[in-house]
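Novice: Given next are the chains, with one letter for each unit.
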Amino acid sequence: MTEFGIILLSAVLVNNYVLTKFLGICPFLGVSGKLETAIGMSFAVMFVMTLASTASWIIQQLILIPLDILYLQTVFFILIIAALVQFVEMVMHKTSPVLYQGLGIFLPLITTNCAVLGVAILNVQQDYSFFASVLYGFGAAVGFGLVLVLFSGLRERLEAAPIPEVFKGSPITLITAGMMALAFMGFAGLVKV
Amino acid sequence: MFDLWEKIKQTLPMGTSAGFTGGVVHSNQHKRTAGQAIIACPLPELLIHPVKQHIGDPCEPMVEVGERVLKGQMIAKAQGYISVPVHASTSGTVEKIEEHTIPHPSGLGLTSIFIKPDGLDEVDESLHPLPNYRSVDAAELRERIRNAGIAGLGGAVFPTFVKLVKDQKNPIETVILNGIECEPWLTCDHQLMLEKAHEIISGMDIILHLVGAEKGIIAIEDNKPDAVEMMQKTLQEMGLNEHVQVQVLPTRYPQGGEKQLIQALTGKEVPAGQLPMHIGVLSTNVGTSKAIYDAVCLGEPLTERVITVSGDAAAKPSNMLVRLGTSMHFLLEQCGVSSFEDIKVMHGGPMMGELLSQDDVPVVKGSNGILAMQKRSIMRAHFDEEPCIRCGDCGDVCPAGLMPNLLASHCKENQFERAEDYNLFDCIECGACSYVCPAHIPLVHYFRYGKGQVAQIQREKAFAEESRIRSEKRDARLAKELAEKEEKRRIAREKKEARAKALAEKEAAEKAVVDKDSAEQASAEQTDKPEVKADDKPAEDKA
Amino acid sequence: MAFVYPVLVFAGLAFAIGVGLALASRYFHVEGDPLADKVDALLPQTQCGQCGYPGCRPYANAVAGHEVAVNHCVPGGERTMLAIADIMGVEPQAIEEEATAPVVAHIREDECIGCTLCIKACPVDCIIGAPKQYHTIISDHCTGCTLCLEPCPVDCIDMVETPELLEHWSWPVPGTKRAIKAEKRKGKHDAQGELSV
Amino acid sequence: MIFLSSPHMHGGNNIQLTMFSVIIALIPAAMVSVFLYGWLAVFILTTCIGVSLATEYFVLKWQGKDTQRVWDGSAGLTGLLLALVLPAAVPWWMAVFAAVFAIVLGKQLYGGLGHNPFNPALAARVVLLISFPVQMTSWIVPMHMDASLDMYSFTTSLKFFFLGPDAVQQTWDAITMASPLGYLKTELGQGVTVTEALVNYHYSTLHAFIGREAGSLGEGSALALLMGGIWLMARHTISWHIPISYLLTMAVLAGLFNLINPDVYAPPMFHLLAGGLILCAFFMATDPVSSPSSGIGKIVFGIGCGVLTWVIRTFGNYPEGAMFAVVLMNMATPLIDYYVRPRVYGHKRGKQS
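Chains as they are written, first to last, in the working numbering: chain G, 97 to 289; chain L, 2 to 544; chain X, 17 to 213; chain C, 11 to 363.
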């Protein structure tokens, strides 16, 4: 049980995908402009990442290892992730057209999102058990979502601030993200993995 | 957990009193006119009566230019339900009926009736005194109060008769008489309570009788101990002290706000979107109560009221009994204001009142105070806006429990949906937030701006929706017209064709008859016939 | 022949996923375009055609289909543009034409010849009149689209500003001394920028 | 025409007054720092405040803003707070860098006063801690502990501040010592129990309270900080919500775990008095700009700070978690303001109309 707790905590806070591994930066910067969109994106990523780590574990254990074709790992994983994203996109288009529009290009881009592929590959590298890998995927996604939502809150406030012209937009956003990463360093050593 | 927190909060010294949430404390130093006897204002040369002096629909003038009117005569009649009439406040002739600036922050005008007094002050006696009101039907009493033009004199000017209903579903249990007068500078209610205690309490008795309530509370802040004493004494004299009690509340602004007063006295909150009557409470201002007494027992409609005329530019501030329609400049001149150069005239108290434009405007039913303020003292309250440091003081003093700093920033950024989400429309515009703001942000102004914009957006939306329907209807109509035209054309064409065919047939038949004998023409007929038949078919189908 | 298995497995998996997605796409098929409705609801419905489309709905359809920029609605002004940009998830664009003060059309009746041409042009049917009779405009319904000006053969239609109503008056945005100063400075700054360019 | 809306009266509070009251409230703590570290403290204080003010002035000038705003007190306060969270061992360039960072990246780039999402002083301090962990966790021995140490005279201090330990012929080890928190962390890592570690350190609660332990400049005396903090609360310059909920959460958490296993978890009193907790609780977390506005939001903020501080102190690599905790909670401030709102009159809690 403790092991699972450590995996989760590590993925959410200590080894946060965005702020310490610097994975998934493009949606982190791209869809954090509005709180609602960020929350929607968090859920989409949570869904895709959890399923992706589940599916990649299954594929790894049932196909890649038995057939000894580990060199095709990336191709297989991308196939699975692309299908999942396609599926999420269809569901979202049906259930929430506004969110679908809000996420725009970033929704299909989850396909090539390094965080999602990263979670699949790091998972199999760390040789987790099935449940642990699901948890790891979920934890990474929660960490991503947490940071994304926090960041979108900050960015909504920046929107109203009289930031000097040259720093408006991306510069101040990146500075803020950097400050967040610094603050997250405080969690260093929280769990000894 | 949060409710527990709410309880703890009430006991802590952090901008909360036991009574209501938030609020600020003002010192008494501005109540310059406290304890000054009410003096009558002399008759001015012209009286101006705007046709709308209450919340609701405007009235319609019912006098002609040149007509002679008497004091208390109805000169504009109510239109719609939430509306009360306007009465002449002295006898004289109607000089003109045209637009005139009214006491409103916009400085815009409204149709007004100008009356030139004749100095006789002749009273219209069509309204009989009714000292024995208990024997009169409730509906008649209400109608009388309405026809007397009575609206809330505390400043909100909501037609009073609307509230005076005996509703089976929402029986009124408690009647609150509001003698709080929490605005700095104002003392008119205070003085009224000292001088007209009997009338006020009689008026309250009428209200209690009308709504069938058992319990009455007269709420007075503890900075007016003489009024408390006077009210208690009078209640005892009148033998009403069993039903009605005087409740003394700690001085705190905006305790005089209806919702805040109800919370402070009963601990109950008026649910959002509902009225005090829904929780069995009715509250009126002491001045309104006195006006009800005048209308019922003396047969006098609302033609005059007590006003605090003061301000730091007034040499002789006083509490005055003023005829409605009197010019404010005239009034201020009586109180020692000689020049209006460097002076801003304020209508109402400094916390919720409005600065008026330089034009001279008349006194209306809602005027509880007229203050002549030095321009520089006004500017001292309106410093330059500095960036919000989000200290949250505004939230601590907000009696509605809002987060004014966030609300204002959303209004500023034109994010009105967000602002509404933060309950913009629960703001009562009391001004406590702006009063404490260290950054001098005109928060109330932002809320008013936001509310106005939201209303405008709603109006535009409604108009757009209406236009869309009209446009769609037009398109449908045009399509229908087009279809009908086509149809008509087709019918016409077919008719024409049918006629042509009939003609051809007829001709053919005639020809046939004529040429029956001719053998060589029989072959010609054979060639014609198929053509006729082909034409024939559609006409038959249609039939 | 070692590569056959992997290829077959990969192809098989891809095929299975393809079938699955095809089925899902049928199940989650979206009818109509809810976005166009949302955009249409934001437009002022003046039906003025200044956007280059014959009315508000066609423009809404075009915007929802990403065929056209969001900044073409002149009467809607900046607020409408921002709202549409928000819902479409695109960057706001500058409004090219300034929206003017709200106006309504007014017919000078003594000059009207009763030709009914304006009646036909009005997109919201707010002009009443019969042939050879004076026409008049129900100003409460007029959207100020100016489409009736063109067809009038005697130019007897004016656009008049709507009067400011007391009950529609609203507080302007607070203007403090500092805000006014900053505005002035900004103006100067812009002017300098233009000069130096 | 300018429309002026009511109210036409003002209570008289202003930003300058607020800022200067906080500065005044920090004077006792600054005096204690001078008492503990002599001229070193004076140099760091003046450098930080001076550089902050100068940076603020130049940035305002560069942006074409009103340079009079330098005197609104916020830049001076940032400099003062920054100095108080720095250890006495920092060299001059680090103090200058931190002050410039705090004003430029912490505040002015976000649009100046009122718009910074993080507490500028703490942001700068976090950057220093991560960039220069050794210097930032070495604490000069306070003056009263080793009177024989020639560190506190004007010239030695000046040399040390500008040229480093070599210039004063001192080794780093001779002039520095561990703070109670750092010592405890190291000892616990080696399997020593809390009680033993504190005895070895000669830790005394009374000393920690009145200010005789090593630490950052302003952390020394809980007494001086409390005096200032309580005065501010009485003046309503800061509200009680954040400090009380912060300290209470810390006390409850530490107490609870101390009961469970007193060998591993330090007692609550130690946690409360150690490190920068009181300074953070009264002066950093209450920075109005980067903390929530509503009372309930502030309580949530304080609880969050408390939990994070305790978690980082107890489990993390860094001995002191208060600064990280406040900066982390600063990130959550907009969300707290959005989701945790006071109950609106006439509405039921949680249900927005």
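A hint or two may mislead.
Subject to a maximum C-alpha distance of 35 Å in a straight line, what follows is the list of computed DSBU-like cross-link-like pairs (lysine-lysine) [unchecked claim]: (1) X:K54 with L:K462; (2) X:K54 with L:K489; (3) X:K148 with G:K190; (4) L:K97 with L:K167; (5) X:K136 with L:K462; (6) C:K71 with G:K190.
It is worth saying that the hints were derived from the structure and are not from the lab. Quick caveat: nothing in here was measured; it's all calculated off a predicted structure.
Novice: None of the hints should be skipped; say for each whether it holds.
Specialist: Against the structure, the hints come out as follows:
A distance of roughly 13 Å separates the Cα atoms of K54 (chain X) and K462 (chain L); the hinted pair therefore holds under the 35 Å criterion. In summary, the hint linking K54 (chain X) to K489 (chain L) is not supported, as the alpha carbons are separated by about 39 Å, beyond the 35 Å threshold. Restraint check for K148 (chain X) and K190 (chain G): the C-alpha separation of about 55 Å exceeds 35 Å, so the hint is violated. A distance of roughly 41 Å separates the Cα atoms of K97 (chain L) and K167 (chain L); the hinted pair therefore is violated under the 35 Å criterion.
Restraint check for K136 (chain X) and K462 (chain L): satisfied, since their Cα atoms lie roughly 25 Å apart, inside the 35 Å limit. About 53 Å separates the Cα atoms of K71 (chain C) and K190 (chain G), which puts this hinted pair outside 35 Å; it is violated.
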